[in-house]
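Undergrad: Sequence:
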Amino acid sequence: LRSEAAALRAILERHRPIIAMEDVHAQAAGLQYKLRMPCASMAPPFPLLLFLHGAGERGAADGKDIWKVHTHGPWKSPGHECCLLVAPQCPTGRIWPALADQVVRLIDFIVEQHPVDRSKIYGTGLSLGAFGIWAVASLRPSLFAAVVPICGGFTTPASDDLRMNTLLNRAKLDVNPSEVEPLRHLPTWLFHGGKDMTVDCLGSKKLFVALGGVARPRDSLRMTIYKDSGHQVWGPAYREKDLFKWLLQQRRSEAQASAPSSSASAPHVASALRPFRSSSGGTLPEATARLLGLDGRPRSPSPSSG
1330 LRSEAAALRA ILERHRPIIA MEDVHAQAAG LQYKLRMPCA SMAPPFPLLL FLHGAGERGA
1390 ADGKDIWKVH THGPWKSPGH ECCLLVAPQC PTGRIWPALA DQVVRLIDFI VEQHPVDRSK
1450 IYGTGLSLGA FGIWAVASLR PSLFAAVVPI CGGFTTPASD DLRMNTLLNR AKLDVNPSEV
1510 EPLRHLPTWL FHGGKDMTVD CLGSKKLFVA LGGVARPRDS LRMTIYKDSG HQVWGPAYRE
1570 KDLFKWLLQQ RRSEAQASAP SSSASAPHVA SALRPFRSSS GGTLPEATAR LLGLDGRPRS
1630 PSPSSG
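Be aware that the sequence shown starts at 1330, since it is given in our numbering, and climbs by one per residue.
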């Protein structure tokens, strides 16, 4: 990872004059990724949001298709400006559950390079990316403070031998209690279309039950079903007015957040990043601040959040 840190530093220096206008494209842990800094008014350490795209946004391993990661996702969601947003790209022909270890190593790398609030690392993904988020969470249950899987289903890490149709069909299967047990207390907001013909809605419904269902507090486990919608519900999901307010209230325990990562550390270059502005630049939009109940930076979680 030391060579990757040097490469990232070189990229940031090269982009210094235009960093206020566009995201950074870099590579680490064998994955191409896009990185967007929080808005300039946010003070470090920053919440980190991992976004895993769907099957249609996979691309060439050399990064020439990295633009595809912007096709869908939380890029325009009110509230994403509060987070350091990291979006790796799954190579063509591969699946996220087979890359869970690389995604974890990428997050470790980003945390080493940036002033990240380790208690506020979040994961979201759509379709194939939702399966990927669960694979990553299963590989390291203490990583995320909360997850937002959209139109997906549960899986643990898998091999590249797993066919796409087989993976998507897992949404119809019962969730293995022993596999989901380490994640039963992970704050989760599930989204799905009630008429999804690509990934069966049972993928979210069965998982909701396996995670504790209605017995868990709504602050901790939520499910939104758009009953008349099909597969492509990520647009309305990422526009849900309470989504980022709920997300930013989730925090891992102090013991979990301070636990050392399993990956080798790389040289810290956070000081070189602090002067940079996000692609949106400026301060947190007034409408977003009002929506999240923020005044320049996230407030401490409220015990009555909902």
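It should be emphasised that the hints constitute simulated quantities derived from the structure, not laboratory data.
Some hints here could point you the wrong way.
[Claimed, not checked] Think about it this way: if two alpha-carbon atoms lie no more than 20 Å apart in a straight line, the pair counts; the simulated EDC-like pairs of lysine to aspartate or glutamate are:
{"#": "1", "residue 1": "Lys1535", "residue 2": "Asp1557"}
{"#": "2", "residue 1": "Lys1397", "residue 2": "Asp1352"}
{"#": "3", "residue 1": "Lys1535", "residue 2": "Glu1510"}
{"#": "4", "residue 1": "Lys1534", "residue 2": "Glu1510"}
{"#": "5", "residue 1": "Lys1405", "residue 2": "Glu1508"}
{"#": "6", "residue 1": "Lys1570", "residue 2": "Asp1548"}
{"#": "7", "residue 1": "Lys1556", "residue 2": "Glu1569"}
{"#": "8", "residue 1": "Lys1574", "residue 2": "Asp1557"}
{"#": "9", "residue 1": "Lys1535", "residue 2": "Glu1508"}
Undergrad: Are the hints correct? Go through all of them and say.
TA: Against the structure, the hints come out as follows:
Using a Cα cut-off of 20 Å, the hinted pair Lys1535 and Asp1557 holds, with the two alpha carbons roughly 19 Å apart. A threshold of 20 Å between alpha carbons decides the hint, and for Lys1397 with Asp1352 the separation of about 13 Å falls inside it, so the pair holds. Of the pairs offered as hints, the one joining Lys1535 and Glu1510 holds, with about 14 Å between alpha carbons and a cut-off of 20 Å not exceeded. With a CA separation close to 17 Å, the supplied pair Lys1534 and Glu1510 stays within the 20 Å bound.
The straight-line distance between the Cα atoms of Lys1405 and Glu1508 is roughly 34 Å, outside the 20 Å bound, and the hint therefore fails. For the proposed pair Lys1570 and Asp1548, the alpha carbon gap of about 15 Å is at most 20 Å, so the pair holds. Between Lys1556 and Glu1569, the direct Cα distance comes to roughly 15 Å. Compliance with the 20 Å bound is thereby established for this hinted pair. At most 20 Å may separate the alpha-carbon atoms for a hinted pair to count; Lys1574 and Asp1557 exceed this at roughly 26 Å.
Between the alpha carbons of Lys1535 and Glu1508 the distance comes to roughly 13 Å, so the proposed pair stays at or under 20 Å and holds.
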